[in-house]
Amino acid sequence: MLRNLTLTQALAAIKTGEINTAEITGDVLSSIEAQNPTLNVFLHVNRDAALQSEKMTSQPLAGLPIAFKDNICTKGLPTTAASTLLEKFIPPYDATVSRRLKTAGATIIGKTNLDAWAHGSSTETSQFGTTLNPRNPQHLPGGSSGGSAAAVAGNMCIASMGTETAGSIRQPAAWCGVVGLKPTYGRVSRSGLVAMASSTDSPGPITKTVADAALMLNYLAGHDPLDGTSSTQDVPDYTASLGCEIKGMKIGVLYLEMSELAHLKRFYEPVLKILADLGAEVEFTQALDPHYAISVYTVIQRAEVSSNLGRYDGIRYGQDRTYFGAEAKRRVMLGTYTLSKGYADQYYHQAQKVRTLFLDDYDRLFQKYDVLISPTSPGFAKKIGASEGSAMFGELEDMLLEPSSITGLPGISVPCYRDPDTNLFLGLNIMAPMWREDRVLQVGDAFEQATLWNSWRQHD
Amino acid sequence: MSTTAFSPLVVAHIAQLAHLELTEAETTQLGSAFAQTIDVIAKMAELDTSQVKPTHQVTGLTNVWRADEAQPNSSFTQAEALANAPLSHQGFFMVPQIIEQSE
Numbered sequence: 012m013l014r015n016l017t018l019t020q021a022l023a024a025i026k027t028g029e030i031n032t033a034e035i036t037g038d039v040l041s042s043i044e045a046q047n048p049t050l051n052v053f054l055h056v057n058r059d060a061a062l063q064s065e066k067m068t069s070q071p072l073a074g075l076p077i078a079f080k081d082n083i084c085t086k087g088l089p090t091t092a093a094s095t096l097l098e099k100f101i102p103p104y105d106a107t108v109s110r111r112l113k114t115a116g117a118t119i120i121g122k123t124n125l126d127a128w129a130h131g132s133s134t135e136t137s138q139f140g141t142t143l144n145p146r147n148p149q150h151l152p153g154g155s156s157g158g159s160a161a162a163v164a165g166n167m168c169i170a171s172m173g174t175e176t177a178g179s180i181r182q183p184a185a186w187c188g189v190v191g192l193k194p195t196y197g198r199v200s201r202s203g204l205v206a207m208a209s210s211t212d213s214p215g216p217i218t219k220t221v222a223d224a225a226l227m228l229n230y231l232a233g234h235d236p237l238d239g240t241s242s243t244q245d246v247p248d249y250t251a252s253l254g255c256e257i258k259g260m261k262i263g264v265l266y267l268e269m270s271e272l273a274h275l276k277r278f279y280e281p282v283l284k285i286l287a288d289l290g291a292e293v294e295f296t297q298a299l300d301p302h303y304a305i306s307v308y309t310v311i312q313r314a315e316v317s318s319n320l321g322r323y324d325g326i327r328y329g330q331d332r333t334y335f336g337a338e339a340k341r342r343v344m345l346g347t348y349t350l351s352k353g354y355a356d357q358y359y360h361q362a363q364k365v366r367t368l369f370l371d372d373y374d375r376l377f378q379k380y381d382v383l384i385s386p387t388s389p390g391f392a393k394k395i396g397a398s399e400g401s402a403m404f405g406e407l408e409d410m411l412l413e414p415s416s417i418t419g420l421p422g423i424s425v426p427c428y429r430d431p432d433t434n435l436f437l438g439l440n441i442m443a444p445m446w447r448e449d450r451v452l453q454v455g456d457a458f459e460q461a462t463l464w465n466s467w468r469q470h471d
Numbered sequence: 127m128s129t130t131a132f133s134p135l136v137v138a139h140i141a142q143l144a145h146l147e148l149t150e151a152e153t154t155q156l157g158s159a160f161a162q163t164i165d166v167i168a169k170m171a172e173l174d175t176s177q178v179k180p181t182h183q184v185t186g187l188t189n190v191w192r193a194d195e196a197q198p199n200s201s202f203t204q205a206e207a208l209a210n211a212p213l214s215h216q217g218f219f220m221v222p223q224i225i226e227q228s229e
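Chains as they are written, first to last, in our numbering: chain D, 12 to 471; chain X, 127 to 229.
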């Protein structure tokens, strides 16, 4: 079916004239129509998508249907951040990532569900209901970009856009059995995102394959005058990292020897073997305890949230502050507390210093290793309802990603195991030094090509 | 095991600082949620940071400026700027009254 095509396959088929874009978009819309009433993946579907995509066939992305997380501003299409506070908000402008992908010829097929304000790792804090995991609807898709990961997993788009502050692209990608790329902080513009934690927010693609992620990043990366924190670093052609050997590459394995992850070891040992068989030098290594990163992330995220969500006064746009859900209130208030007089040293300033310790730790590790790998998440997708009653659900689920998020490093999650009984996946998280997305893509692609775990991979 | 207690009075004070209104039930729930979160955060106090400088910006950029000139291409018209406002009047945002009118 056309909806199953990867971005790379779809572009090739359109180029040869074998298929036209409108047919693909039409099939993706039928897929959404059939599944969305039960899975609750999209908060808004762009019914004009088929017509729009037809006009863009000659452009690089050929008008293909791309889903956007609903905290990314899209001109003329609702952008709610999954909160009733923004239920009636229609952005008068495009986020830079929306504009860039539209300019490259993407059609926005719809806006996907997330944890309200991207606060969470389950989509259970969405004020518009939880998204179900298309791989197994009794389980959560993860989050906060749960809708965008589910849209890819369920073939309800050809690729999607997510945002990550600490795990929000990679963790749902792992839980839904798809690829999620979190670029270096500053590599992709934050302009037009519903701001969460501005010192770590990073938009990035969620795709069916690593090759698709590389292609998407080519259109997303680069300096943006509208985001003062975006980098002027040169942007390479990321597709040049595909199909390369990883022979001789030094790979450090993190966290797998923690007692809390003992249950995962049997799934990841074959992964290490595959990388070693590809010629990489793979060895276990020690990093700073990721539990400290939970502390740092929690303090920094709550503090920046309390500041960023201060702008919602119900005067210029959106409804008033009584529309915030329980999770947003909890985070705003905790941030207000840890920033307040008498507590800022103990919490906020200490967190920023421990962040430095993590940066130093990665400097030390990357002197020895080209990339670092770890499980993406401490386990398979949890059951619906799992996040209820735990104020720290997301932080604990994202523990293995938080050290690299607070330090701004690029990372990718690639499917590395599928449970035959539950149809649920595990992800392999690959991290590299700042600005080295090329390296995470190279290793991710080599691993994907050597394994059977990617359900879209062509096996010949 | 909670080390920091959040009394209803403390929670209400934080809510006031954050411009949020809470119900009595929310005040109680939030008090225990904060204690749970602070317990997790407290772990970082174990690390000696007396000689460590804080990092606020991971890419090291400082003071990024642009010329102080109007940018018509990325500016809204008055109508666009007001399109999402719940209340407007003669081209302006309407804000709630905060000063009581004298009779």
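No lab work stands behind these hints, which were simulated from the structure alone.
Treat each hint with caution, since some may be false.
Stated by the list, open to error - Okay, derived cross-link-like pairs now, DSSO-like style, lysine-lysine, Cα gap no bigger than 27 Å in a straight line:
#1 D:379 <-> X:179
#2 D:113 <-> D:26
#3 D:276 <-> D:379
#4 D:364 <-> D:394
#5 D:352 <-> X:169
#6 D:379 <-> D:394
#7 D:364 <-> X:169
#8 D:364 <-> D:276
#9 D:66 <-> D:113
#10 D:284 <-> D:394
#11 D:258 <-> X:169
#12 D:276 <-> D:261
#13 D:258 <-> D:276
#14 X:179 <-> D:364
#15 D:113 <-> D:99
The structure displayed is predicted, hence computed values, not measured ones.
Broken hints, numbered, in rising order? 4, 6, 8, 10, 11
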